[in-house]
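So the chains spell out like this:
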Amino acid sequence: MARSPNRVLLLFRKDLLRRRRSPLGVLAMIAFPLVFAGMMALAFSGETALPRARLLLEDRDDGLVGGFVKQALAAEQIAEFIELVEVGEEGRQMLEDDEASALLRVPEDATSRLLAGEDVELELVRNPAQSILPEIAEQVAATMADVMSILTRLVRRQVEVLDLPDLTELESFRDLTDQDFATISVALRHTFTEAGSFVAAPPIAFEQVTLGEEKRDEDEDEDEDEDGSQTGLIFLFVLPGISVYALFLIGDQMMRDLLEEGRLRTLQRQLSAPVTAGQILAAKVLLTGVVAAAVLLILAAIAGFVARTPVDPAAFAALALALVLAVTGFAALIYGVARTDRQGATISALVYLVLAFGGGSFVPVDNMPAAMRAAAPFSPFYWGTRGFQDLVQNGAGLADVAGAVGVLGGLGLALLAAGSVLLKRKVLRGGAA
Amino acid sequence: MTDLEPPFAGFEELSASSAYSPFMIQVENLSKSYGDVRAVCGVSFEVAGGEIYGLLGPNGAGKTTTLSMMAGLLAPDEGRIRYDGVDLAERPLAVKATLGVVPQENALYEDLNAREHLRLWGGLYGLSGAELDAAVDRVLGEIGLGGRAKEPVKKYSGGMKRRLNLGMGLVHSPRIVLLDEPTTGIDPQARINVLDVVRGVAAGGAAVLYTTHYLEEAQQLCDRIAVIDHGAFLAEGTLAELQDMVGGEEVVTLAGDFDDVLVERLLGREGVRLLARESGRLVLATAGGGERRGAVELLSALFGEGVKMDSVSIEPPSLNSLFLKLTGRELRD
Chain A
0 MARSPNRVLL LFRKDLLRRR RSPLGVLAMI AFPLVFAGMM ALAFSGETAL
50 PRARLLLEDR DDGLVGGFVK QALAAEQIAE FIELVEVGEE GRQMLEDDEA
100 SALLRVPEDA TSRLLAGEDV ELELVRNPAQ SILPEIAEQV AATMADVMSI
150 LTRLVRRQVE VLDLPDLTEL ESFRDLTDQD FATISVALRH TFTEAGSFVA
200 APPIAFEQVT LGEEKRDEDE DEDEDEDGSQ TGLIFLFVLP GISVYALFLI
250 GDQMMRDLLE EGRLRTLQRQ LSAPVTAGQI LAAKVLLTGV VAAAVLLILA
300 AIAGFVARTP VDPAAFAALA LALVLAVTGF AALIYGVART DRQGATISAL
350 VYLVLAFGGG SFVPVDNMPA AMRAAAPFSP FYWGTRGFQD LVQNGAGLAD
400 VAGAVGVLGG LGLALLAAGS VLLKRKVLRG GAA
Chain B
0 MTDLEPPFAG FEELSASSAY SPFMIQVENL SKSYGDVRAV CGVSFEVAGG
50 EIYGLLGPNG AGKTTTLSMM AGLLAPDEGR IRYDGVDLAE RPLAVKATLG
100 VVPQENALYE DLNAREHLRL WGGLYGLSGA ELDAAVDRVL GEIGLGGRAK
150 EPVKKYSGGM KRRLNLGMGL VHSPRIVLLD EPTTGIDPQA RINVLDVVRG
200 VAAGGAAVLY TTHYLEEAQQ LCDRIAVIDH GAFLAEGTLA ELQDMVGGEE
250 VVTLAGDFDD VLVERLLGRE GVRLLARESG RLVLATAGGG ERRGAVELLS
300 ALFGEGVKMD SVSIEPPSLN SLFLKLTGRE LRD
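These protein sequences, in sequence, are chains A and B.
The numbering of the first sequence is numbering that gives the first Met the number 0, which starts it at 0 and goes up by one.
The numbering of the second sequence is numbering that gives the first Met the number 0, which starts it at 0 and goes up by one.
Calculated from the structure, these hints are not laboratory results.
Ideal placement from N, C-alpha and C gives every residue a C-beta, glycine not left out.
Don't take every hint at face value.
To be verified - Anything over 10 Å on all C-beta distances counts as not near chain A; from chain B, calculated:
1. 21
2. 77
3. 240
Claimed, not checked - Facing chain B, from chain A, some residues (calculated, C-beta under 10 Å):
4. 9
5. 77
6. 92
7. 260
8. 269
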């Protein structure tokens, strides 16, 4: 006759099979820390920039005002929000084709009128098919108009001081003499020097602005890399704490099954077979440990993929084992004390939430008030969270996490011993309190 | 030495010990109380191999408590339970290995299929390999679930679950089978199947303890029957012996309003006994020497006096009339 199969393994295999057939609870506990950490990372990594508004500039003036407008809109600070495209008559059609957010027209005689002290009206045509981006373009144009008004006053003062010819009476700039141009150039140089604080770049720097745009593109690429890196860092910072919390919930699910089996009468049926209460309990403890370890490995693999930094395998194994022990011990104690599976679920939900919050699973311990910081080490979540953060972020070794391993392992063993005594009595009563 | 070592050292011991007693199940003075409530009071009986012994009683009579103690799930306050001469309290695991227990509730896992259930339970009782495969196939055939053995239990009908529940208690071919109301809540077809399986088990030499509150089942299936109520045996014997206990009396149940004078006059008649008197209901036993003469004479007298009655029923000697005779209540109540 063949040797009889190990009853603990038979019961363990049965529970594993049941979990495989109904994996939702376990999958949810795997997804929960990933989704939560991912959301936190995205929320705090600064990847929230709005798309740039595409602004068409139709410069009918082709003079000083048009130049000012171009320079102003090409300024680095504005270029963050506005993509400026110079167009001719086709601008209107482009707007109708939804190729831009707005069209800014500089009128034909803008420079002449400005220098004559008259008001110049820039025309902004919004794209009605868009809502937010034309608003951005309008705000930028309005700000630019304010700046130009200040410039105008500066320029006009220079014209008055230097006794320049009445520019408004000229048919064209070609009517100016060389002396006039020299005088105007000096005046404008003074003006732009004074206006330096209002205009981002001097006119002569037009080409540089173009180059600057290329440079800005490079900078943006770097920013994206930095943002990506920052997202990953936040993800890796948040993930350990939430993962530890999820592991405790996994332990809760698995151990709760013992009392559920009592309610479903399958526990009594097992006890009517030649199976001891200790074997039944051992199978559940094994299940809790194995499933928690499997979930931890999956989460660690994902964290490792994101971090792309080597983790000390010995340190990870020791910390994982200690954490699984703590998870199993806590679950055993809670369900050893609870009268029913539902009562146990309520108790564990409250206990784990408080311990997780106090232990820094959700909020970094360093950001807590002094009293809470002092109390944090009394939570197993603190040691689990800190241990895994050290492993993933700081490349900690076995010696570095020895404290966390000792606390979690010792606590887990003690709680498992106490919980097992209570649970065994409960199993012998058929799962009843 | 542990209580149970594969492949159940106790099993051979228990098997060998059966030579010392014709009874495979011996229950002596079994008692169990919950606080002030005595659930089982000094119950004793014996069951031989190949025999189906029925515990017949209404809900709450103490059948399940008795069976739970016999399955080792509940410790008795007093008394002994021996299987093949071995005390359950002394060698619980070795004894349990020889038992097949079928609980009243369907203790099944909704996500597992019939084959997985049977393999699990066969494994827990020490079967493995080809022996386990053969046992599982045999039981699947017996309970008629061979064609749906790979479907999860959650897709099964109530009758199919009942049959699987039964099969799990039989997969290891136990020599002693304890069945707690295995046909409760199933359709007649499934019931016939369950009863056939139980008969087959007994025919194979196993001692079967069968609890039920169905009179017909007990009458059809059981070789001997114990009538139990309020935790105590009221009567025990074969169906014929129990019917003899009724003493040829018929039970006459009268519905209507009867005053004390009339009842006194009826009880003054020869061979008439009062079994129960409730509001609007009078239950009498009549001894009439067969052919229901006692009942006929009683009714003739009532009609002669012009007594108005809403209904009349005459019960021939049966387990129900015995139960009525012993308790004043109908078993169906």
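Results of checking the hints against the structure:
no.: 1; hint: 21; in the structure: 25 Å, holds
no.: 2; hint: 77; in the structure: 20 Å, holds
no.: 3; hint: 240; in the structure: 31 Å, holds
no.: 4; hint: 9; in the structure: 5 Å, holds
no.: 5; hint: 77; in the structure: 63 Å, violated
no.: 6; hint: 92; in the structure: 65 Å, violated
no.: 7; hint: 260; in the structure: 9 Å, holds
no.: 8; hint: 269; in the structure: 7 Å, holds
Hints 5 and 6 from the list above are not met by this structure, while the remaining hints are.
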